[in-house]
Each structure stands twice: as structure tokens, then as C-alpha cells.
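Number of protein chains: 2
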Amino acid sequence: MRHENGKIVKFGIIKKDSQSSARLGMLNTAHGPVQTPVFMPVGTAGAVKGITPQHLNETGAVIILANTYHLLLRPGVDCVERLGGLHKLMAWDKPILTDSGGYQVFSLSSLAKINDDHVEFGSHIDGAKIKLSPETATQIQNRLGADIIMCLDQCTPFPCDEPQLKTAVERTINWAKRCKQTHTNANQMLFGIVQGGINHELRTSCAGELMKLDFDGYALGGLGVGEGHDNMITTVAHTNQLLPQDKPRYLMGVGTPADIIAAVKAGVDMFDCVLPTRNGRNAYAFTQNGPLRLRNSTHTCDINPIEQDCDCYCCRNFGRGSLRHFFNINEMLGPILVSLHNIRFYQRLMAKIRQMLEKNEFADWAQENLKRYTDYFSG
Amino acid sequence: MRHENGKIVKFGIIKKDSQSSARLGMLNTAHGPVQTPVFMPVGTAGAVKGITPQHLNETGAVIILANTYHLLLRPGVDCVERLGGLHKLMAWDKPILTDSGGYQVFSLSSLAKINDDHVEFGSHIDGAKIKLSPETATQIQNRLGADIIMCLDQCTPFPCDEPQLKTAVERTINWAKRCKQTHTNANQMLFGIVQGGINHELRTSCAGELMKLDFDGYALGGLGVGEGHDNMITTVAHTNQLLPQDKPRYLMGVGTPADIIAAVKAGVDMFDCVLPTRNGRNAYAFTQNGPLRLRNSTHTCDINPIEQDCDCYCCRNFGRGSLRHFFNINEMLGPILVSLHNIRFYQRLMAKIRQMLEKNEFADWAQENLKRYTDYFSG
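Line order of the protein sequences matches chains A and B. Residue numbers for the first sequence follow the working numbering, beginning at 1 and rising by one. Residue numbers for the second sequence follow the working numbering, beginning at 1 and rising by one.
One or more hints might be untrue.
To be verified - Example chain B residues on the side facing chain A (calculated, C-beta under 10 Å, incomplete):
(1) Gln-54
(2) Ile-114
(3) Gly-122
(4) Ser-123
(5) Ile-329
(6) Ile-336
(7) Leu-340
The hints are simulated quantities; they were obtained by calculation from the structure and are not laboratory data. Since the structure is predicted, the reported quantities are computational estimates derived from the model, not experimental observations. Glycine is no exception: its CB is placed at the ideal position from the N, C-alpha and C atoms.
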């Protein structure tokens, strides 16, 4: 942790790119430092699916994300607390970020009813009625004990008409105030979430209001929901120029390698996405030369690793033929090993981005790779 | 490898127990030495389900088993060969034993038709007709490349009438001759399999005929199929006193901790069984104080590891509450971690047996623990 006048600096910029809004930074959490730009693998309900913390650690992942919504339903907050908190539950002693549950309430649960006070929804598991307010969402996250927690926000779908978008932004701002007031755990950073769809005016007003509340960081929510890469990046760039330089910026739920490169260029510091793990479970491997679909019969007798120069556990030990065989017989090692490779692919991508920023070579690298990865992984 | 008069000693007895038929030994394979008595985790189709070789290695497992029947169906022998052999497929550079496929033909496939020449059966996957003869079973295993391979035998169910048992024994002996004649890979040991159900006379004649063929080791097949612990151990003891002292003895597919202790006492050196992994996948954990069923709600908020003094990866990192949660949400880490613990439990059991033999304390220890484990894990 770096200190300034005796005060812990939660986030510091190490270097700014001269040709873009990209920044190299350092986030100091209660469970250790995080170099940014950073990618957080998703450990939805307390586990990055199929990946032991030992293997996860070896991918270079430092901070991981868990979903408040899932943990609230199972095993429940009381249980997590009695088990010693989220870090103990997951056996992960490095930083964790929890989302607020807002996104999942709208995407997973049935019959979500929202008013200015709270959202009420049916569990996607058993339909049980659950209420989440800015206060309870914050208290729950205080108790789960992640290093970074998120305000409860109202997510909007894409497309979304302006009145609905406006109501969601107003509610998100009000709720952010209530979250900030409720937040008591000094070991946790609290991030505000900017909403407003791809409406720049609404993003401006939302960012402005949240900044008055002085959050530890700012997230960009409601993106990567169907608006497309260009709309997303334009909105990100617009919003980031409004946000304070000295606070981390987190683009939630994004994205493909090209999305990440473009968003870093536009000034984003943090990312999370299910792509490496979800695709990994479906035999889809990311490589620097495009995707490999490992169920494809062309891999049957292929002794080559997924990527020749990859240093992940999977590539150091298994050929494509073995992996195809594992998927073919529904052996867990298939999903496990390809998820591991994909997480390592994302971690190597972020390490490369940080290295390029360090060496002042990011702009050229980004231009070249943005194009390449857009062609490869257009979604 | 130990040498005697310039010849590699494939198996050596280090110490014989003075109060029982138990032996402490060393098996020298092409992929390294194996201390016996040894337990081999089962990697059916080229993977110990859900367990990376890195984690498997950390359990202390040295030699693992793979099933010829499964590998023959998928990915096929040509494919395994083109992938560089079974060790490469599995990313396991320590010893491997393959069974001959005989047992699975009778237990898994439909419409198995047997005659003196071969067995023909329908694949349990797509019904495809496949022929397996002593010659092809041996050639297939030669090509798979395991360190120890098994003769094709005819397994009998329990109970089984004497004429059927007798035919099976005769066929097993004839087939063993043909396997021995066919076997060409000098890097592989070939084991004969003694059949005969719980009929001591048939076991005697089968063992006698096989011994004339001078195999690298002798397996006891057709046990642990419903005859019960006492019948099994009586048959094992009877057969072992006939088998040569200087060759390893392998009790196939067995068993519970009590089965293993009793069989070691009766002179068995090698074991394999799906219990630790299959039970692990079903949330059943072996402990020195009896089984834990981790789906049980009593574990919900329990921060204790499965076993307090266990040094496995699971117990060093996860509490019972986390494990129960993983099973509850169908997270792969549940099956993975409890399988890992159970494999380590079996490896520690074998290490303890070897230690007790080394210290001349096996007999007392066996008596005490045989009783205890019989009470705990009666099946």
C-alpha cells in the first residue's frame, strides 16, 4: 500500500498513455495490490467454475469477481459470514469484488418489481420472494467481505426508451446516495455505477451526480447488452472523460479481447466477463490466432497444445487431441483445462497491455491488435 | 531400477511380515518405481475424473489405471498412438496399468457373445459391434503403452454355477497363453489373471496353469462382485499361498479400506478401485472416523475441513461448509475436491500400511483398523 500524508492511496496512476486515454495503475486493496488494467475472472457463486484456487492463481489472476445475487440465494449471507467470509468460502486470499446483484435481478429472476425504494424479485431457483434495497445490498456486501463492493443500480436493457432510461438513471443516483450512506466497512472500497444506456446526456448527468458522492471508483454499467462494440466504446469514451482521473474505472461484464483493448484505450482500468470460462466450458479456446473449437474433428489426433507459446497449465501438458477426447466423453477435465487456458489468455492479454503502456508502445500495438482481434472474436 | 546379474528386477520384496502374508515391495516399471502395497486411482478413459495430473500427483498417487475397453471405443487405439501414447494423452509421466477390457465387456456392453476364440460385443455408446480376442487385447495394450498390461480373461458373475465357472477358467488359461505369445513390448509387464470365483479348486488349477506361463505378475480377478468380504478374503488367501513369492499380486477392483487391509494381510500388493473417486463425486468423503456425507445440512456452516489432520489440497484450503455449498449448487469443485481428498485418504492408508510393515507393527495395526474400518465403511 502506498501512503500519502499518512493516508492510504487506494488507487494510483503509474503512467498515462500519451496517445490515448489508457492508464497504467495500481489498486491497493485490503487483500493486496492489483496492477491495472486488470481482468477479473468470474466466480459467480463462490467458485470460478471447476478451477481450484491453486490453478487459478497460476494463471496470474489477482482479483476475481463474485455475484451477490447468487451468494444471497445460496448459501446465504448468514452462512457465508459463519464460514468466515467470502475469501474463506472461496479459499482465495487475494482481492475479490462483489457486484451488487442489480444486474442479475433483472437478467435471471422472474417477476422483478421495482419501485423507488427497492426491488422485489423471485429467486430463479425456487421462486422465493426476495427484497433488495440499496441499504440491504450494501449491508449484504459489507458482510460478504469482498475488497471492492458495488452500489445497487437499475440496469436497463438495450434498446430502452428514454423515459425508462431516465427513471433508471435517477433511481441509480438516489440508490447510490443510500448505498454510500449505508456503507460502513472501511476495508472495502465502494464503487458507484454510471447508467444511462448509450444516451450521452444521461451518462453525463449520472456521472456528475455520482462524482459528487466521491466514490472509491466508478463503474460503467448497462453496456455490453446488445448495443454493439462501437456504441459501447463511444459511450465509454464519453463517460470516462467526465470521470475523475484519480479513481479506477470499471467496465462491467465486458468483454471480447477487442472490447477490452478499445476500452483500455478509452481509459478503462478494470474488466470482468464470463467469456473465458463460459466459452472454455463449451470447448471454445481463445488464441492469438483466433478461436479453436476443440470438439472439431480436425483436432482428433493433434498433439499440439492450444497455443504453441502459451505457458498455461493446459498448454504445458495437454495436446488438442486429449482435450477433444475429454469433451467427447464429457470428462470434466475438458471444461477445466480450456477454462484455465482461456483465463490465462485473458491474463496474458492484460499483461501485454500493461507492458505496452509501460514501454510507451500501447497505441501502435492497440491499433494492430484491435483489428486482428475484432476479426477473430467478433462474438 | 535394481539389477541382479545384469537383469532388471521388475519386482522385489523388501520385507515380509512375520505375522501375516503381507509384504513390503518395490515394483520397477518403465516409468519409475512403485512402492507396494499400492493403490491405483482409476482414470477410466484417460482421466481420473475432474483431477488434473498436478493435483493427482500431489495426492501421492504414483501408478494409475486406465480401461482398455473405454479407450478402445473413444478415442480409439490409432488415435491414442498418434497422440503419442497413453501417458501423453493423460499427461501422466509416472506408471500406468491398463486392464484388458474383459471386465467391462461383461459389465457394460450389450449382447456380449463369447466363444473360445474371442468375445464380440456391442459398444455401450453406440452399439457398434467390436471383437476382442486375446491377441487383439494384447496388441491394443501394447500400442496404448501402459507400463503394466493385463491378459484378456473371462469374468464370471456371482453367484455362478460350476460348469460356467469351469469354462471361464479354461478359457482364461487358454487366452492367457495366447496373450503371452502375442505380447511383444519389452517395456511392459504382462500380468496373468486368476479366475475361478470362490471355488478354491478352480482357483488352484487356474493359478497353477498361469504360473507355468511365468507372468510378470498375477492378478486376482472376479472378486468384489457380490461374494462378500469374507468369501473374498478366503479366496485371496487361498490363491496367494499358491502364487510365487517373487511376483506382484494384484486384487482387481477392490475395495473398501477394510478390504484392502485384509487383502494386504493375505499377501496382496496392488489394488485399484473407483470408490474414492465415484464416492467423492457423490459428496461422500472417507475419513479415519468414518464417512462424511457432505450434502448433509449439518455441514452448512461448518468451517472444519473434512479431516482435521489431513494434508490434502482440499483439507488445507476448504471447510465442509464450502464443499456442501459447491455440491448444493452443482459446482464442479465439489466433486473435484472431495475426489482429491478421497484419493489422498487412500494414499495415506497405503503409506500407513507400508510404514507399519517397515516397522514390524503391521499385524496389531491391521487387527485394530480392520475392525474399525469394517464398522465405518461396510459398503
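Status of each hint after checking the structure:
no. : hint    : verdict
1   : Gln-54  : holds, 7 Å
2   : Ile-114 : violated, 26 Å
3   : Gly-122 : violated, 18 Å
4   : Ser-123 : violated, 13 Å
5   : Ile-329 : holds, 5 Å
6   : Ile-336 : holds, 7 Å
7   : Leu-340 : holds, 9 Å
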